[in-house]
Amino acid sequence: MRKSIPALRLLRGTAFSLMLLVFVLMTVLPFAFMISSSFKGSEAIRTLPIRWIPERPTLEGYERVFNMQGFSFARSSLNSLFLAVLCTLTAVLSASMAAFVFAKLPFRGSGKLFGVYLATMMIPGTVTMVPNYIILRILGLLDTYTGLILPSLANAFGVFLMRQSMMGVSDAYLESAYLDGASLYRIFFRIVLPMVRPTLATMILLSFMGSWNSYLWPLIVLTSGDKQTLQVVLGNMNGMYKNNEHVLMAGAVLTILPILAVYLVSQRFVDQGISLGGLKT
Amino acid sequence: MYVPRNAGKRRAVTLFLLPSLIGIAGFCLLPILGSALFSVMDYDLLMPMDAMRFVGLGNFVKILTGSEFPRVLLHTCTYLALYLPLILVCSVGEALVLNRTFRGHGLFRTICYTPVITSWVAAAVVWQWVLSGKYGLMNQILAHLGITGPSWLNSGDWAMPGVVIAAVWKDTGYYALMVLAALKSIDVTCYEAADMDGAGSVKKLTAITLPLISPTLFLLIVINVIYGLQVFDSVLIMTNGGPGGATTVFLERIYKYAFRQYKMGLASAYSWILFVLILLFTFLQFRLQGKWVNYDA
Chain A
1 MRKSIPALRL
11 LRGTAFSLML
21 LVFVLMTVLP
31 FAFMISSSFK
41 GSEAIRTLPI
51 RWIPERPTLE
61 GYERVFNMQG
71 FSFARSSLNS
81 LFLAVLCTLT
91 AVLSASMAAF
101 VFAKLPFRGS
111 GKLFGVYLAT
121 MMIPGTVTMV
131 PNYIILRILG
141 LLDTYTGLIL
151 PSLANAFGVF
161 LMRQSMMGVS
171 DAYLESAYLD
181 GASLYRIFFR
191 IVLPMVRPTL
201 ATMILLSFMG
211 SWNSYLWPLI
221 VLTSGDKQTL
231 QVVLGNMNGM
241 YKNNEHVLMA
251 GAVLTILPIL
261 AVYLVSQRFV
271 DQGISLGGLK
281 T
Chain B
1 MYVPRNAGKR
11 RAVTLFLLPS
21 LIGIAGFCLL
31 PILGSALFSV
41 MDYDLLMPMD
51 AMRFVGLGNF
61 VKILTGSEFP
71 RVLLHTCTYL
81 ALYLPLILVC
91 SVGEALVLNR
101 TFRGHGLFRT
111 ICYTPVITSW
121 VAAAVVWQWV
131 LSGKYGLMNQ
141 ILAHLGITGP
151 SWLNSGDWAM
161 PGVVIAAVWK
171 DTGYYALMVL
181 AALKSIDVTC
191 YEAADMDGAG
201 SVKKLTAITL
211 PLISPTLFLL
221 IVINVIYGLQ
231 VFDSVLIMTN
241 GGPGGATTVF
251 LERIYKYAFR
261 QYKMGLASAY
271 SWILFVLILL
281 FTFLQFRLQG
291 KWVNYDA
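Read top to bottom, the protein sequences are chains A and B.
Residue numbering for the first sequence follows my numbering, beginning at 1 and increasing consecutively.
Residue numbering for the second sequence follows my numbering, beginning at 1 and increasing consecutively.
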C-alpha cells in the first residue's frame, strides 16, 4: 500500500466535505427560499438582502391560497388525491392481471402479444397525445374523470415489471392451490399478488407519484374549474400571482408536502423502483 | 403453470387480459394509426370531423420549410447541449459522494431525491422565483460573488440556461442513483491494484471509475436525449416559449398548435417529425458508442 501523507489525506477529506456541502446547498437552498418566502408578506419578499427567517412571519400567503377567486385549492387537492388513487388502482390492477397471463397462463401467440406490449413502450407520449384527445372527444369523455383515467389501462411498463416478478413465483404453489380447488381468480388474488408484494408496492408508489405530479394530460382533458387537479391549479396561479410570489410559494409548499410525506414513509419501495428503472416525473 | 383442459382457462385469460388489451389497443395502437392519419389531413378541431381534408404531405412541407422549425430545433439542441454535460457532471459527482460512507448518509440521500419527487409545476414555480432578476436567490448569490446576474427568464439569451439549471436541479438525484448502482458494481480489487501502482484519486477516477461505468453513462445520455427532445412542463410554466419565442421547443409547439390553435393535423405531423428525430438521435448514439463505451468489465 502507498503511504498516505496525513496532509494529503486531510486535503482529500476536505475536498469530499466541500463536495457534500455544495450538493446539499444546491439542492436545499431553493426549497429553503420557497419556505421562507411563503411565510412573508408581499413587501417582505421584495426586501434585500434576503432574510431567511422572516422578520414578521405571516400566513397571508397561505390564507390567500385557500381563498382564491374562481377555483378552490382545497377542492383541487381532493380531486388530485381521488384521481391519483383511481389511476393507480386502474394501472396496477390491469397491469398485474395481464402480467399474470403472460407469466403463468401462456397461450398460443402470447409471446408475440407481449412483444407488441414491449414495443408500445418505445412510442413517445407526444405522438399519442393528440389522437387520444380526439378519441376521448369522439367518446364524449372530455372533461370527465373517466376520460382522464382510461389511458391508465395501457401500462406496458407495469405489465413488464409485474411479469418479471411473477416469473419468479414457483408454479408448484399455484398448481397445489389449484388441486385444492382454488379458482384461477382466487390463485391470482390470494397467492400470486401477495407473493410479489414488494414489486406491487413499488408499482403502486411509482404510479401514485406519477399521477399526482402529472400536468399535461389533466391540463388538456379537464376544462371545468371544479374538476381541475392541484398541478393545473398551481400552474394557473402562476399567471395570476406574478407579483405575489409569497402566495405562489405557499401554493408550491402545499403541493409538495403531501407527496413528500408519501415518499418519506415509503422510501424503500421508491428506491427499489429506481433500480428497476422507473419513476421519472 | 399447468392447467387441465376445459378448466375455464380460456375464460380466465380473456378476463385477465381484457382491461390492459383495451388500454393498449385503444390508447397506444389506435392513436398511432390516428396520428398517422391526421398528419396528412387538414383537421381543425373547431370544425366537424367530416370537414377534414386530405393534404398529403402538406403539413410536413409547411413545418419543414417554415422559418419556425430551424429555431425550434436550435432551441431544443441548445437545451440538450447545456443540459447533458451539466447533468453528467452533477449526477456522477453526487453518486461519488453517495458511494462513500459518512454520518448522515441516509439524510443526504433523501435530500438528493426530494427534487425528483417534486412535481415539475411546483419546481418551475419555485425556480421562476429563484431566478427572478432582482429579488431572486440566484442573483443574490451571484451578487455576493461580485457578479451581476442576468434577468434570466426575461432575457432572450438567458431564459434557456435558466430552464436548464432548474432541470439539472430537479433531475440530478434521479440519475445519481442510477450512476451509484453502477459504482457499486465495480470490483474493489481494481482500486486495490491501482493503489499498489501508486495511482492518485484523479487518475483512479479517469482510468478506472469512468470507463467502468461508461455503459451506464451511455444509457443516461440516450435516455436524456429522448427526454430532452420532449422537454415541456418546465418550458411551458417557466417561460411559455418566451421571451419573444426564445425558448420554443417541440412539445410546446405541438401543444400550442393542437390545443391553442386547434390545428390537429399540423400538430400530428409535428409529433411525427419529433418521433423521427428521436429515432435518428438514438440511432446515431448507438453508432457512436463503440468509440467510448466499454463493455469489457
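No lab work stands behind these hints: they were computed from the structure.
Just to be clear, a hint being listed does not mean it is correct.
For lysine-lysine, the following DSSO-like pairs were computed, each having C-alpha atoms within a straight-line distance of at most 30 Å [claimed, not checked]:
1) A:227 <-> A:242
2) B:203 <-> A:242
3) B:184 <-> B:203
4) B:204 <-> B:291
5) B:291 <-> B:62
6) B:204 <-> B:184
7) B:256 <-> A:227
8) A:112 <-> B:9
9) B:291 <-> B:203
10) A:242 <-> B:134
11) B:256 <-> B:184
A short list of chain A residues far from chain B (calculated; beta carbon distances all over 12 Å) [claimed, not checked]:
12) 46
13) 53
14) 55
15) 63
16) 66
17) 67
18) 110
19) 171
20) 200
21) 201
22) 260
If you want the footprint, here are the derived chain B segments under chain A, 3+ residues with CB under 8 Å [claimed, not checked]:
23) 24-31
24) 81-89
25) 150-156
26) 274-286
Glycine included, C-beta positions come from ideal geometry on N, C-alpha and C.
Verification of the supplied hints:
1. A:227 <-> A:242: 24 Å, holds
2. B:203 <-> A:242: Given that 30 Å is the threshold and the Cα spacing comes to 50 Å, the pair is violated.
3. B:184 <-> B:203: Holds - the C-alpha atoms of residue 203 of chain B and residue 184 of chain B are around 19 Å apart, at most 30 Å.
4. B:204 <-> B:291: Cα-Cα ~21 Å, so holds.
5. B:291 <-> B:62: Roughly 38 Å between the alpha carbons, so the hint for residue 291 of chain B and residue 62 of chain B is violated.
6. B:204 <-> B:184: 15 Å, holds
7. B:256 <-> A:227: 22 Å, holds
8. A:112 <-> B:9: 19 Å, holds
9. B:291 <-> B:203: 21 Å, holds
10. A:242 <-> B:134: Since the Cα atoms of residue 242 of chain A and residue 134 of chain B sit roughly 14 Å apart, the hinted pair holds (cutoff 30 Å).
11. B:256 <-> B:184: Distance of about 44 Å is beyond 30 Å: violated.
12. 46: Answer for residue 46 of chain A: violated, closest chain B Cβ roughly 5 Å.
13. 53: 15 Å, holds
14. 55: 15 Å, holds
15. 63: Holds, because the least Cβ-Cβ distance between residue 63 of chain A and chain B comes to about 18 Å, which exceeds 12 Å.
16. 66: 17 Å, holds
17. 67: 19 Å, holds
18. 110: At roughly 8 Å from the nearest Cβ of chain B, residue 110 of chain A sits no farther out than 12 Å, so the non-interface label is violated.
19. 171: Residue 171 of chain A not clear of chain B: closest Cβ-Cβ about 5 Å, inside 12 Å.
20. 200: 16 Å, holds
21. 201: 16 Å, holds
22. 260: Non-interface label fails for residue 260 of chain A: nearest chain B Cβ at 7 Å, not farther than 12 Å.
23. 24-31: Since 7 is at least three, the answer is holds.
24. 81-89: Answer violated; 0 residues pass the 8 Å Cβ test.
25. 150-156: Violated, because only 0 residues of the region 150-156 of chain B bring their Cβ atoms closer than 8 Å to Cβ atoms of chain A.
26. 274-286: holds (count 3)
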